[in-house]
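So the sequences go chain by chain: A and B. Just so you know, the first sequence maps onto residues 0 to 238 in numbering that gives the first Met the number 0. Just so you know, the second sequence maps onto residues 0 to 495 in numbering that gives the first Met the number 0.
Don't take every hint at face value.
[Said to hold, decoys possible] Under the rule of at most 16 Å between Cα atoms (straight-line distance), these lysine to aspartate or glutamate pairs were calculated in the EDC-like manner:
(1) A:Lys-207 with B:Asp-399
(2) B:Lys-173 with A:Glu-217
(3) A:Lys-209 with B:Glu-3
[Stated by the list, open to error] Okay, the calculated bits of chain A under chain B, using three or more residues with CB under 8 Å as the criterion:
(4) 2-10
(5) 76-87
[To be verified] Take a look, some chain B residues computed to stay more than 10 Å from chain A by CB distance:
(6) Ala-17
(7) Lys-29
(8) Pro-61
(9) Glu-64
(10) Thr-98
(11) Arg-160
(12) Asn-186
(13) Glu-192
(14) Glu-210
(15) Phe-291
(16) Ser-314
(17) Asp-402
(18) Glu-436
Since the hints were derived computationally from the structure, they do not count as laboratory data. Glycine included, C-beta positions come from ideal geometry on N, C-alpha and C.
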Amino acid sequence: MSPTFQLDGEDIAFTPGQTIMQAAKAAGVYIPHLCWHPDFPAHGSCKLCTVKANGRFGSSCTMEAQAGMSVENRTAELDDKRRTLLQMFFVEGNHFCPSCEKSGNCTLQATAYELKMMSPHFDMFYPDRPVDASHPDVLLDFNRCIMCSLCVTASRDVDKKNVFAMGGRGILGRRIHINSESGRLADTNFALTDRAAHICPVGVILPKRKGFAVPIGERRYDKAPINEQVKEPLKETAP
Amino acid sequence: MTFELETARHPEKLRRVAIDPVSRVEGHGKVTILLDDDNKVHQVRLHIVEFRGFEKFIQGRPYWEVPVMVQRLCGICPVSHHLAASKALDMILGVKQLTSTAEKMRRLMHAGQILQSHALHFFHLSSPDLLFGFGSDPASRNIVGVVAAHPEVAKKGVLLRKYGQEVIRMTAGKRVHGTGSIPGGVNKSLAAEERAELLKDIYQMVAWSREAVGIIRGLFEQNLAEYNAFGRFRSAGMCLVRADGAMDLYHGGLRARDIEGKTLFDHFDYGRYWDVIAEDVKPWSYMKFPYFKALGTEDGSYRVGPLSRVTMCDSIPTPLADKERETFLAFDGGSAAGATLGYHWARMIEMLHAAESIKDLLHDDDITGTELMATGERQERGVGVIEAPRGTLIHHYRVDENDQVIRANLIVSTTHNNQAMNTAVREVARQYLDGVEVTEGLLNHIEIAIRAFDPCLSCATHALGQMPLEVAIVGADGTVIDAATRDHRGLTREVV
Chain A
0 MSPTFQLDGE DIAFTPGQTI MQAAKAAGVY IPHLCWHPDF PAHGSCKLCT
50 VKANGRFGSS CTMEAQAGMS VENRTAELDD KRRTLLQMFF VEGNHFCPSC
100 EKSGNCTLQA TAYELKMMSP HFDMFYPDRP VDASHPDVLL DFNRCIMCSL
150 CVTASRDVDK KNVFAMGGRG ILGRRIHINS ESGRLADTNF ALTDRAAHIC
200 PVGVILPKRK GFAVPIGERR YDKAPINEQV KEPLKETAP
Chain B
0 MTFELETARH PEKLRRVAID PVSRVEGHGK VTILLDDDNK VHQVRLHIVE
50 FRGFEKFIQG RPYWEVPVMV QRLCGICPVS HHLAASKALD MILGVKQLTS
100 TAEKMRRLMH AGQILQSHAL HFFHLSSPDL LFGFGSDPAS RNIVGVVAAH
150 PEVAKKGVLL RKYGQEVIRM TAGKRVHGTG SIPGGVNKSL AAEERAELLK
200 DIYQMVAWSR EAVGIIRGLF EQNLAEYNAF GRFRSAGMCL VRADGAMDLY
250 HGGLRARDIE GKTLFDHFDY GRYWDVIAED VKPWSYMKFP YFKALGTEDG
300 SYRVGPLSRV TMCDSIPTPL ADKERETFLA FDGGSAAGAT LGYHWARMIE
350 MLHAAESIKD LLHDDDITGT ELMATGERQE RGVGVIEAPR GTLIHHYRVD
400 ENDQVIRANL IVSTTHNNQA MNTAVREVAR QYLDGVEVTE GLLNHIEIAI
450 RAFDPCLSCA THALGQMPLE VAIVGADGTV IDAATRDHRG LTREVV
């Protein structure tokens, strides 16, 4: 019989070596997260999946499950902190959901709905982040980047291309760089068929000329909130 | 149109009365009136105090985002911007003919928009003036007052608007700011249950729209002299017409007539609108002043919207509305067709036309079709023109080889009507305010003239970084000590 731990009072079975996040997903329980993806090693950077395990805060995507552990997840205290983190994500970038083609398919937006974020709370940074439209098939709109680095990982580990890299310092300086002399995506060997082209949880890496082809009401999070789609495979063809 | 009363010679010596904000219109505007000690009117200006800026921040965005983004100009007629942008981008994609499902879905969306916007304008915003009198008690001169005094009229107005909004929701995805129209076509057709739901009430909507035409006709009959004379002026006009000259609010060629009714151009390809229209700027307004190039800035201003469309088309392609058009044109020897308040009558005829068009489209099986998109050979430049509720709306884009917008120009209905609205308020000021003590009721007359045009001020302003400006430093004795002017070419020059 598998060992178990308690997540918000519910027994969750796990196999030794699984993280709290992996075990929760397998059991269909939602822990809010942005930078974690089941197919890749945990990055542990967004901190949205922070839980309280035996009274201590930790990232559930990196913390291994232990038998008998008592984990708090959707408590008012934790969701409050997560909401604050989300508000920071929103003000650090330029997230204009009303005209964003990822709206309805966007993990950041769906998580904000889930956590009942009603306003950005903080002053907007309005960073100057140019769009890279040089590639014939893919648009990069860095205004919406949350630095999850999933594209970096997918391009490096799956596509073996190393098209993307994180670089720079500070909230306004840190950004995704394109691995070409010109810094333009068109001058890399990036392709629409790459895994990295379909991994972005927000609206940065977008197949060109698709836009709003899927009507309102038929997009992923129009149909059910994110906490009810834990077991479903991620639909990675954006938007 | 006349430019008298536009600029007083010695404004520093005059008393200033401001209507700020102008109420029961969409957006924020104000009117300033300069009077001398004898209450003689020397200057009247309608100012639009909002800032638009969309042309600038659309630059660099991918073209497929444009129809969804630019409609955020407005919450009242976003569908018009959504469709005008889509039409311009159809041209950029080289799509000359949409699939019949796509075109009919767009036409249905547009008719829903005309219906809801005209209902809102007539019942919610303008009917209080018309039903209670121009100078009536302001406490009840509003939609709440209409609900109390004329509950049936108010109810029908609210439900007509609601029905139009439902048509928009089912075609665009949302009541406000949907995504239904996309470059090259649409992203959905009508589901069978949506069609059935709309069909349930459409006959009632047609009947109520007919009644609405009756209301405004009755008001004209009862107040003939006042309605005919109110803010009356002669004007050139412009609208889209179908190839056979009939009214077409979704697509057609441009028709323009001068002040005498003589045709200036007809069935003109709007893809080259700049050959016939140019825009002038004035230092006191954010809003530009378009004019017919052939007539120049002084004589070339014109009006657009329901009054131009209904009086300039050869027919309306739905029977009930066409009959009402004939009645309107024949009324009192054609007097209402030239009256500023004739806008309301024409508007209700168009609302009836929209309701009839919805009925016809709902009976057309193409609206449930599955062929949604068309393709073509890519172009760099695209122009989309549509007859929005308030008049001709022009969207013009250039898109580079990377799919990014590099230039955008929007000429919206209210901008076309800028000079006409200014002329109308000056006429009203001359008729009602000149030489008498200014009262709230008299100032409302000015607003009634503006409301006749149904201006949507929020989307009408233009400049970014180059706003024409006049600054004057005036001494205590009224003499100008120093002044500077910045004009539309960005020049700054001292004039003192």
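For each hint, the structure was consulted:
1. For the hint linking Lys-207 of chain A to Asp-399 of chain B, the alpha-carbon distance of about 14 Å falls within 16 Å, and the restraint holds.
2. Restraint check for Lys-173 of chain B and Glu-217 of chain A: the C-alpha separation of about 12 Å stays at or below 16 Å, so the hint holds.
3. For the hint pairing Lys-209 of chain A with Glu-3 of chain B, the CA-to-CA distance comes to about 53 Å; that exceeds 16 Å, so the pair is violated.
4. For the segment 2-10 of chain A, the stated coverage by chain B is violated: 0 residues have a C-beta nearer than 8 Å to a C-beta of that chain, whereas at least 3 were required.
5. With 0 residues having a beta carbon nearer than 8 Å to a beta carbon of chain B, the segment 76-87 of chain A misses the requirement of three or more and the stated coverage is violated.
6. At the 10 Å boundary, the C-beta of Ala-17 of chain B stays outside the reach of chain A, the nearest C-beta of that chain being 33 Å off.
7. Annotated as non-interface, Lys-29 of chain B keeps its C-beta farther than 10 Å from every C-beta of chain A; the closest such distance is 28 Å.
8. A Cβ of chain A approaches the Cβ of Pro-61 of chain B within 10 Å, the least distance being about 6 Å, so the stated non-interface status is violated.
9. Glu-64 of chain B, annotated as away from the interface, has a beta carbon of chain A within 10 Å; the closest lies near 6 Å.
10. With a closest Cβ-Cβ approach of about 14 Å to chain A, Thr-98 of chain B is found to remain outside the 10 Å limit, as its non-interface label requires.
11. For Arg-160 of chain B, the non-interface assignment is confirmed: its Cβ lies about 21 Å from the closest Cβ of chain A, beyond the 10 Å cut-off.
12. For Asn-186 of chain B, the condition that its CB be more than 10 Å from all CB atoms of chain A is violated, with the nearest at approximately 5 Å.
13. Distance check on Glu-192 of chain B: its Cβ is at least 13 Å (rounded) from any Cβ of chain A, clearing the 10 Å threshold; non-interface status holds.
14. With a cut of 10 Å on Cβ distances, Glu-210 of chain B stays outside the contact zone with chain A, its closest approach being about 34 Å.
15. Against chain A, the non-interface label of Phe-291 of chain B holds: every CB pair exceeds 10 Å, the least being about 34 Å.
16. At roughly 35 Å, the least C-beta separation between Ser-314 of chain B and chain A is larger than 10 Å, which holds for a residue marked as non-interface.
17. With a least beta-carbon separation of about 6 Å from chain A, Asp-402 of chain B fails to lie farther than 10 Å from that chain, contradicting its non-interface assignment.
18. The beta carbon of Glu-436 of chain B sits about 48 Å from the closest Cβ of chain A, which is more than 10 Å, so the claim that it is off the interface holds.
The structure does not agree with the numbered hints 3, 4, 5, 8, 9, 12, 17 stated previously, though it agrees with the rest.
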